[in-house]
Structures are given as C-alpha cells and as structure tokens.
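Chains A and B supply the protein sequences, listed in that same order. Heads up: the first sequence runs through residues 1 to 258, numbered per the working numbering. Heads up: the second sequence runs through residues 1001 to 1432, numbered per the working numbering.
Treat the hints with caution; some may be incorrect.
[As the list claims (entries may be wrong)] On the chain A side, residues computed to face chain B include the following (Cβ under 8 Å):
1. 13
2. 14
3. 19
4. 25
5. 28
6. 36
7. 41
8. 94
9. 184
10. 228
11. 232
Simulated from the structure, these hints should not be mistaken for lab results. Here a beta-carbon is modelled for each residue, glycine too, at the ideal position from N, C-alpha and C.
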Amino acid sequence: MKPKIAFFDFASCEGCQLQIANLEESVIDVVGLVDIVAFREVMKEASDDYDIAIVEGSIARPIDVERLKKIRENASILIAFGTCAHLGGIQRLSNQWTPQENKEEVYGRHEGAEHTGDDNPFFEQPRHRALDEVVDVDYVIPGCPVNREEVGKVLVAILTGKKPPIPDYPVCVECKKKENVCMFEIGKFCMGPLARAGCGAPCPTAGNECEGCRGFVSDPHVKAHTEVLAKYGLTADDIMRRKNMFTYRYIEKSKGGE
Amino acid sequence: MADVNIFVEHLTRVEGHGNIVLNAKDGTVEKVQWQVSEAPRFFESFARGRTHYEMAHVTCRICGICSIGHTEASLKATEAAMGIQLSDQSELLRRLIKAAENLQSHVLHVGYLIAPDLLGVGSVFPLIETHPDAVLKIVKLHRLANEMSDLFAGRTTHPTNMVPGGFTSIPSEKQIKELRQQLVDAVPTFNDVAEIVLANAGALPDFTRETEFIAVTRDDEYAIYDGMIGSTDGGKWPVDQYLSVTNEFVVPYSTAKFTKHNRESYMVGALARFNLNYDLLSPLAKEWAGKFGLAPVCHNPFMNSVAQLIECFNDVETSLAWIDQVLENYDGKNICADYEVKAGRGVSAVDVPRGILFHDYTYNDKGICTKANCIIPTNQNHNNINQDFKAFAPTIIDMPEKDIELLLEMLVRAYDPCISCSCHYLDVTWKR
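Please put together the full structure from these sequences, using the hints given.
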C-alpha cells in the first residue's frame, strides 16, 4: 500500500509547499509513489487518515497549538518543513516585542480602530515558535525556502527507512566547492562559517551573503571558523547575533527564553 | 423555501487560511461573509531595526508565491528613500523578473487551482490520469516561468541576487539568448493551454457587479513593474499619495481594515490591469482577449482568471522585446549603482500577480528602518469579495447547497487571494 502523506500549514508564506509544485514533472512521479490525502493549498479533498504529516509554518496561538497536537496524534511521522517550522521563521523576530506592542505597531496606528481585536480568537497572544517546542518532531527539512532537490532525497530516505541526508557542516564547505569569492573578501557579512549547509550555497553563489536560514550546525568546528573569522576581525558571537534574521531562536535560548 | 447554512472552514486551493459563511432563511440571505483566520506575523513591527540592505530579504518572506513582487516593491521603496538611480539595464532586468513571476503565478493559478473547477474535479491530481496531455503542458509552462525567475533573480522563491541599486550577479548573454529561444518555443504550448481553457470557459459563471478597478498605469507600456496609480473611474495619482487611494476603514461588525476609493469597494489584480491598460497589451494578448470575448471594462470577477491567461501572452511578448533591448547593450560589469546611505522616506508601487502592492519605509541616517507599511493586494480585495458575495449569493440561493458552496468558493478563488500576505494586516471578527 502506498504511504499516505498530508501537508499542513501554519504561520508562513507557504513558499515551502510551493516548492512541491516547483518539482514540476517530478510531482507526477511523486504522486505515483505516495497518496497525497490532504494538501489544502492545491486540493479540495482532505482526510485525517495519513501516515506522514509534512508541516510548514510557526506555531503562534492557542488554536494553532490545538490543531498541531491533533496532527501529531494522527501522524506516525511528523516532518517540520522549512525554517518557520524548524526555528519559528523570520516572524519569530516579532517576539522581541510583546504581542500588544506588535499589534499596536501594525494595527493601532489607524484612525477609527475602535475594534481592537482583543476578543478575537484569531488574534490571541501570538508568540511564534517552532514545531518541536510544542510537539515531538521526527524529522526536519530546513531552509527558507526548502531546497526542492533536498526535499526529494529526504522523502525517499524516510520512505525507505534510512536516515535523511541533512548535512551538519557549514555553508562554507558548499560555497568553496562552487569556487565563489568569499563574501568577507568583498566586505560583506556572511553567516556561512556557522550556518548549516544543504542548500548548495545559493546566496553567496549569486553574490550575496548567507543569512543562515537553515540554522546553525550542531557541532561547529570551532578552531576552523575562529581562524577564518579572526582574519576579518570577527568572532563566532558576531555570526550568532548580528544578523539573526532566521536564528532568533538561538538568541532567545541564550537569554533563557526557551 | 429551504434554510441554507454553509460554513467552509479553511477554503482550499488558495494561499492562506480563510472561511466562507452563508446563512439563509426561507430563501433570503441573512449573512454571507468572507473571513480571514490566518495567524498574524507582524512584518511591519519586526521590520523596525533592520538595515536597508536586509529589508527586501525580510519583506519578500511575506509571500512565497509573490516573493519577487515584494522584493521589487521593497527595493524600489528603499531606492526612493535614498535617491538611488538604476541603470537602464537594471530597470529592464527588474521588468523581466516581474514578468517571470507573473507567468509563474498565473500558470499556477489558472492551471493548477482554477482548471479543476472548470473540469469538475477537486484538484489537479485526478487530471494527471484524465487529461495527461494538458497537465504536462501546464507543468512545462510552469517550469519555464520558474527557470526564467531562477535565471534572472537567482532563485524563484525568495530571490538571491537583487539588492538596492541593482544586482549582485546577472546571467550571461548566452544564458539570456537560450532563455529567449525557450520563450519563443513555448508560444504554441501557451496557445494549446489557452484553447483548453477557452473550451471550458462556459463553466465560469456569468455574474456582473459594477465596481472600481485600480492598478498601476503608464502611457508607454502595459504597466506591472512601475507607474502611477490609476482607476477605471478616472484619475491618476503619484504612488506617494497611495493612502488617499487605499483609504482604510473599519466596519462595525469586524476589525478588518478594508479599503475603498470611489465606490463602496474596489478590485485589484489581472482584471483591473486589463480593464485599465488594455490598449497597451501585446498583439497576441489582444488576439486571445478577442477569442474569449473579454473587453474593457469587464465587471465579472470570475473573468480575472481569463485576464491572467491573457497577461501570460503579454508577459511572453514583452519579455522578448525587453531581452532584445538588454542584449543590444549588454553590460556584465556595471550591475549595481553605488549609493550613499541616508535618512528618508520612500514609497513604491508594483503590480504583482494579485494586484497593486505598496511598500512605504522610513530610514534613519544609519540606513536602519524605523517605520514600515505594506498594503497588500489581497487586503484591498477582501472588501470587494464581500460586496460580490452580497450581490451574488441571492442569485444562487435556490440551488442545492453543494452548488452554492462551490460557486462561492469559485468566486473567492477567482481573486487568487494570497491570505498569508494580507493577514499580517487583517484582523476579522464576526457575529455568530
């Protein structure tokens, strides 16, 4: 019997699910190998009977927690799909302010806003979190967006009972293989020395700095990156803190917020 | 007459989370509403403190489908704030990237999300079995549009090479020539797909409610990347006057910020651009408009999907002309203008696949964003969808509940809503 797969989304741009459509002709092969039983973005039918749940988005409100827990109960395998699910996404940066401060900044500046939304369950106390801060997560496919080639490889590994091939070395490794000029050499600030690879270093390859959207490597080669960074007058702490577009989770953690 | 109670939670085949509610008693519609339940992400709040260089990379994450449009709107706002001038080549490349996104998004919407309604199935998946030839053609066009974005923007979702002042890398002449040939070769496939849609266009409801259409407009080209704000009710405004066009307001039964201009609501998107800028469409696009019998000003929102298809032809033909201009004076070295970081405010408008998009940033003298405002197309369409619901629901209320539900779903889908885009701004409550 073909494994049943369901896609779900929480707070996100849905760009990672779009990468499934961006598999183009290969989607047709995927549909031959698995049964896609729920995928709200592209299909009307939906079923609660699935083996694998692929979940995009960060978890913000009590109603989201509730929905995620139900998905966890139904699925034997739950995959965090993309940076929002893996780390809480770029929107985790909003956790720097209180929910009330965020709401006032975005909604409160308009004339006549007598309806504050305080009684609205869709608006209750949003704090953006990763999936594994709410339920157990079996696998993570990182990236903003996910790398569609990697998605295929990881799914095949999971379906055949193998360990998903997510690298745990820095983006610098992939960037060097592509023979790019080092971003530090042209005066840019790059997270490559500590950011997790697997993306193929698309940003430095396009002449732009790595933003660490896949999070940090779990066991950094401290001596190697310390030497590299020292050459440019930087430390690992600079990389950890200065850019933080996608890595605010680590900063919250170091503050003891997690 | 029967009572009808419909609640569609989390409408499918749209981007983001929205609900449809309809309550009718004795054949009279008492309430019909389009609600948005997406989790807010507060982009305008956490944009504060980000640098001018990061802003496009931050705000493109508002939307996975139109991340290119957000990137361009963001860069244009930053460039306006700091007085940065782009080279002619960079301007052309930005237009090509915008056209690529339009193509990708329109093919996805018409081919994957609308076609199932026209053919009476729940998704594109069963069509792989029943209409393999059509599906493969749609996939081919979708891949081409993505390859075009990948080539010019570095990556189709969340582009990698676009920065204030221009680019960090651009494709080679050889790559651009190859892409040009691919576009030429794809025209027959576009024709084939359009024929299939035309053959099934009878499934689009014949519903008309007069409204105002707002889009970017120019005298010299079918505007998508740049121009003034224009209305089918007459009038043109510079983009920095956008607040006088969007006029956000709060309705008593909800906290949603709706928009309106000349009438009770207005519509943005492909149909708005078509209605406003028809004269400047490319020859093949006009030819297809004729075949579909679509002429400005069309007030049937279901025809938005047809307008998207017509725009695909325009995107291909204008892209060929822009590519020729790029190749004529190709410069692989000077791809980014130097600029001085300074304080200021900048406003931009780009007509993204779903309609006119505004970004408005204020920077301090260190180039750090201190204030951001983004007004999203879908946000501007919510009010028009609700007004359409009120006019459309009574005309179909005697149908079986299943059919009413499908038609209301089709109406929302016609707008190609991008709800997670708009939700960072929307906050809807309603009475049960």
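Does residue 36 of chain A pass the interface check with chain B, least Cβ-Cβ distance below 8 Å?
-> Because about 7 Å separates residue 36 of chain A from the closest Cβ in chain B, which is inside the 8 Å limit, the hint holds.
Is the interface hint for residue 13 of chain A satisfied, with its Cβ closer than 8 Å to some Cβ of chain B?
-> 4 Å, holds
Status of the hint placing residue 184 of chain A at chain B (closest C-beta pair under 8 Å) = The hint is violated - residue 184 of chain A has no Cβ within 8 Å of chain B, the shortest such distance being about 15 Å.
Do the numbers back the hint for residue 25 of chain A, that is, is its least Cβ distance to chain B under 8 Å?
-> At about 6 Å, which falls below the 8 Å cut-off, the nearest Cβ of chain B leaves the hint on residue 25 of chain A intact, so it holds.
Per-residue hint verdict: residue 228 of chain A, partner chain B, C-beta under 8 Å = This hint is violated: residue 228 of chain A lies away from chain B, its Cβ roughly 21 Å from the closest one there, beyond 8 Å.
When the nearest CB of chain B is found for residue 94 of chain A, is that gap smaller than 8 Å?
-> 4 Å, holds
Satisfaction of the residue 28 of chain A interface hint, Cβ to chain B closer than 8 Å | Status holds, d = 6 Å.
For the hint on residue 232 of chain A, just tell me whether its beta-carbon gets within less than 8 Å of chain B.
-> Constraint on residue 232 of chain A not satisfied, violated at 18 Å.
Going by Cβ atoms only, is residue 41 of chain A closer than 8 Å to chain B?
-> Because about 7 Å separates residue 41 of chain A from the closest Cβ in chain B, which is inside the 8 Å limit, the hint holds.
Can the hint on residue 14 of chain A be confirmed by a CB-to-CB distance to chain B that is less than 8 Å?
-> Holds, about 5 Å.
Verify the interface restraint on residue 19 of chain A: the C-beta must sit less than 8 Å from at least one C-beta of chain B.
-> 7 Å, holds
In terms of the numbered hints stated before, the structure departs from hints 9, 10, 11, listed from lowest to highest.
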